[in-house]
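Asker: Letter by letter, the chains look like this.
There are 2 protein chains.
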Amino acid sequence: MKKVGVSILGLGVVGGGTYKILKEHAEFYRATQCVDIVVESVFERNKERVEALGIPPEKLASNIAEVVLDPDVNIVVECIGGVTDAKDYVLDALNAGKTVVTSNKELFCKYWHELERAAKHHNAGLFYEASCVGGVPIIRTLLDGLQANEISSIVGIINGTTNYILTDMAEKKISYSEALAQAVALGYAEADPAADVEGYDAAYKLSILASLAFHTKVPFNKVFREGITDVSPTDIADGAALGYALKLLAVGKNTPAGIEVRVHPAFIEKGHPLASVGGSYNAIFVTGDSVGDIMLYGRGAGELPTGSAIVSDIIYAATHTELHYATFKNTAAPDKNVNFVSDFASAYYLRMTVADEPGVLAKIAAVLARGNISIDKLTQRVSDDGKATLVVVTHMTHEAAVKSAVAKVTATGLAEVNSVLRVIL
Amino acid sequence: MKKVGVSILGLGVVGGGTYKILKEHAEFYRATQCVDIVVESVFERNKERVEALGIPPEKLASNIAEVVLDPDVNIVVECIGGVTDAKDYVLDALNAGKTVVTSNKELFCKYWHELERAAKHHNAGLFYEASCVGGVPIIRTLLDGLQANEISSIVGIINGTTNYILTDMAEKKISYSEALAQAVALGYAEADPAADVEGYDAAYKLSILASLAFHTKVPFNKVFREGITDVSPTDIADGAALGYALKLLAVGKNTPAGIEVRVHPAFIEKGHPLASVGGSYNAIFVTGDSVGDIMLYGRGAGELPTGSAIVSDIIYAATHTELHYATFKNTAAPDKNVNFVSDFASAYYLRMTVADEPGVLAKIAAVLARGNISIDKLTQRVSDDGKATLVVVTHMTHEAAVKSAVAKVTATGLAEVNSVLRVIL
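Taken in sequence, the protein lines are chains A and B.
Here the working numbering is used: the first residue of the first sequence is 212, the next is one more, and so on.
Here the working numbering is used: the first residue of the second sequence is 212, the next is one more, and so on.
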C-alpha cells in the first residue's frame, strides 16, 4: 500500500478539522483508497491548539525548514491564511518539490501565477479545492466534470457569513447591524467581519472560479465588489413583495464583449434554485453549452466541510502521480488581450423618496426614458409626512445608464434615491 | 499535442449528442485541454442517423471488428443501450485494450464485475459518468470530490420522466394517465414507459451510485422498487395540504444494520432542497460525515447533457494515463458478507376510507398502536356518501410493521386502505 506523509501548517479551524478527519479516517482510507496517509508533522505557533488536538509533541515542527526538508513529507497542507508567511511557506514547500494543498483563497488568487510556476518547475502538485466554497467540490467539477462545456455563466452564493446575515434579516425583519451582532455572537461572523461583509472573500473565490470556468486568468482586482453593509430591511421587504430574495451574489459571465465578474447584493426571483439557499449554506449555479444549468449546494465553510475538501485533495494527490494544471488563454500567451466588461447589463431595483404631488412620477419616468431605461414594475406607497416611496424595477439595462439616471434624478431634486440594487433575471 | 481517436457505437439520442459536441468543440478542446479528439469511426445500423449528423460515409464502420482492431481508435464510446449487443461490443473493445466510455446504466450495473475484470486485465479504462443522472457529474464527485467522507445517505430524484409526470400531476391536478399521455406527446416519456415509470431506470442508477457511495457492490436485484403508476392526484393534494411534495425517490443508506436501497414514490417536506426540483430536472442529496449535506442539481437526460458527461469522460480518459478503479469491500473479498436491509425504517402516509361512525378511529388507532406505530399527523374529511377519508402520517416506524397493520385494518373491515406512501423525514 502506498504511504503518503503529510504536514499541516496552521491548526486553526480548517487545519484542525483536517487533522481530525485524517486521524479518524486513516483505516477507512487504507480500505477504500488503498493509501496510508500519515501526518508526519504539524507547524503551529499556538501550543494550546496542538495539545487540544492531542497531537504528540514530537510531531510539532519548530520551523518550516524541518517540514520542507523532511523526506517523509510528500504533501504540505497550508491552512495558515493571509499572504505573508503563507506565501513564503508554500513557495518553500513547492521549491522543495512537495505537493501543496491549500485552503487559502486570498493567497491563491493573488499569487496563482507565481505558485503555479514554482510547482511546475519543481514537478510538484498544487491543489486548492478548499479555497472555494468549503466542502462543495466545485473546482474538481469544473476541471474534471464539466470540462466538455463552454461555460457562459456562474452565479453563486459563495460566502456563508453574508448569506446567514441576509437570511436572518429577511426572516426576522431586523437591521443589518442587529443581524451582524447575532452572527458574531453565534460564530457565523468574525469579530472583524470586513472580509466577508465587504465582499472580499466572495471576490477572491470568484476570481478563482471564473478563471477556471472561462479558461482565462481573472485577476482579483478586475472583480467589481460591493458589500452588504448598506442593505436595509426595507429593501428586503419591498423586494419580497415583488417576488424576489436578496442575496450576496458572485456573478461571472463570459460574453462576446468580454469577461464580466462582480460581487454585490442582488435580487433573484424566488423560483430560482439559488433563492431558497438559506442560512450559512452556499450554492453555485453554472450554465454550460452542453450540460445546461447545473447547481452544486452545500456547506461553504466550517472545519469539517472545508477539511473534507482538503482531505479529498490530499487523497487525489496521493493516488494520482500525473500532474495536471488548468490551461488559460492568458498563461500561455500573457499578452493575450482579455477584455473585462465593467458596464455590465442587468435589471435594477430603485427605491426613491419623492414628494407626493402630481407630475413627479412622470418626470422621473422621463429621466429614465432618456437614459433608455424602461420600467418593468412600479409600486408606490404614501407615508404620513406627505412623502411617497417609489419602488421601480427596470427591464435589462446597463450599470452606467442607471448610475447616470440616478445622478440626474438626485441633482434635479426630483427624488432622494435611497437604494440601487441589481436584479438577476 | 496528444491526439486521441474515438469511435462511437450507436447514434441515437446520446450517441448523436456526443458526436455533435465533439464536432463543435474540437478546437475548444485543443485550446483548453491540450488534446486533439478525432472521431475516427461510428458504428450504427440506421443509415439515416449517420446522414442526419453529416458524418462522412467512410467513417461508418461495417462491423465491430473494424472498430476494435483500428489502431487509431483509443476510446470506444458505447451508446447502444440494452445488454445484448452492447455487452459483447464493450467486452470486445476492452479485450482489445481500448478504453470504454458508456452511458449504459443497465449494462453497467448488471455486468460491472465482468466489464471491470476485462478492463483491468487488458489495461484499459472504463468510464460510466453518463450512466447516472445525465450531465450531473455525480460519479466524478463521489470518486474524486467527496472521497474523504464516509457517506451515510444518498437520496435522489434520478429519473426525469417520472419527475416530469409527478410535477405535472401536482401542478395541473391531473391523473397519472393524463400526465403520462402528455409526457409521451412532448417526448419526455417513451411510448413504452415501463423502464421509467416502474422505477427500473432509477434502480439501475441507484445500484451504481450506492455501490460507489458505500464502497460495496450493490446488486440491482437488492434494490426495493415501486413505480409511480398507482399514484393518485388525491394523494398528491392531501400530501401538499400537509406540507409535502411527492417525488419518485431513490434512497440509499449505509446503516449499522446494513445497506438499504430503495426506489419508490415518497413524500418529502416542502422546505427540503429536493422538494422544489421540478419538471425533468434531477438532483442528488448526499450526506457525508465531514462534508455534511451536499446536493447536485441539473439535467438528468437529453442528448447534450448526457453527451456532456460522455465527452467529459472522454477528455478525462484522454488526459489521464493512470487507471483508477473504485475499491469495494466485496470485490477484493467476494465472500465478504454484506447485509442488505429490507425492513427499512420510514415514516408513512396512509389514506383510508372508513365508515363515518363513532369508534372507528379509535379502533384503527389501536391497531396501529399494537404495531408500535405512533401517529404524527391525522386529518379526516367526510364525504356525502356517509364515508370519511382518513389521512394518517406516522412517526418513524418500519416497513413490515406498517404492512402488517394495513393487513389487519383491511382484514377486520375497519377501513379500505387506499394508499400507503413513505414519508422522508
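There could be a bad hint or two in this list.
Pairs count within a copy or across copies, as identical chains cannot be separated in the list.
Stated by the list, open to error - In silico BS3-like pairs for lysine-lysine, Cα to Cα no more than 25 Å straight-line:
#, residue 1, residue 2
1, K481, K588
2, K331, K214
3, K214, K540
4, K234, K321
5, K588, K614
6, K574, K214
7, K384, K481
8, K614, K213
9, K383, K547
10, K213, K331
11, K270, K614
12, K481, K383
13, K540, K234
14, K574, K619
The set of hints was computed from the structure by calculation and includes no laboratory data.
Asker: How would you label the pair K481, K588 (within, between, both, or neither) given a Cα cut-off of 25 Å?
Answerer: Classified as within: same-chain Cα gap 16 Å, cross-chain 29 Å, threshold 25 Å.
Asker: Can you tell me if K383 and K547 fall within 25 Å by alpha carbon in one copy, between copies, both or neither?
Answerer: Neither: 49 Å inside a chain and 53 Å across chains, both beyond 25 Å.
Asker: At most 25 Å between CA atoms: does that hold for K331 and K214 within a copy, between copies, both, or neither?
Answerer: Classified as both: same-chain Cα gap 23 Å, cross-chain 23 Å, threshold 25 Å.
Asker: Within, between, both or neither: how does the pair K213, K331 come out at a Cα-Cα threshold of 25 Å?
Answerer: For K213 and K331, both the intra-copy (23 Å) and inter-copy (19 Å) Cα distances are at most 25 Å.
Asker: Please work out whether the CA atoms of K481 and K383 approach to 25 Å or closer within one copy, between two copies, in both situations, or in neither?
Answerer: both (18 Å within a copy, 21 Å between copies)
Asker: Please sort K270 with K614 into within, between, both or neither, judging by C-alpha distance up to 25 Å.
Answerer: neither (58 Å within a copy, 57 Å between copies)
Asker: At most 25 Å between CA atoms: does that hold for K540 and K234 within a copy, between copies, both, or neither?
Answerer: between (41 Å within a copy, 21 Å between copies)
Asker: If the cut is 25 Å between Cα atoms, do K574 and K214 qualify within a copy, between copies, both or neither?
Answerer: Cα proximity of K574 and K214: none, with 74 Å in one copy and 64 Å across.
Asker: At most 25 Å between alpha carbons: which applies to K384 and K481, within, between, both or neither?
Answerer: both (17 Å within a copy, 23 Å between copies)
Asker: Checking an output row: K574 and K619, CA cutoff 25 Å. Within, between, both or neither?
Answerer: Within. Shortest intra-copy distance 11 Å satisfies the 25 Å Cα cut-off; inter-copy 75 Å does not.
Asker: At most 25 Å between CA atoms: does that hold for K614 and K213 within a copy, between copies, both, or neither?
Answerer: Neither way: K614 and K213 sit 60 Å apart in one copy and 50 Å across, limit 25 Å.
Asker: Classify it for me, K214 with K540: is the Cα-Cα distance of at most 25 Å met within a copy, between copies, both or neither?
Answerer: Intra 37 Å, inter 20 Å, cutoff 25 Å: inter-copy only.
Checked against the numbered hints given earlier, the structure breaks hints 4, 6, 8, 9, 11 and satisfies all the rest.
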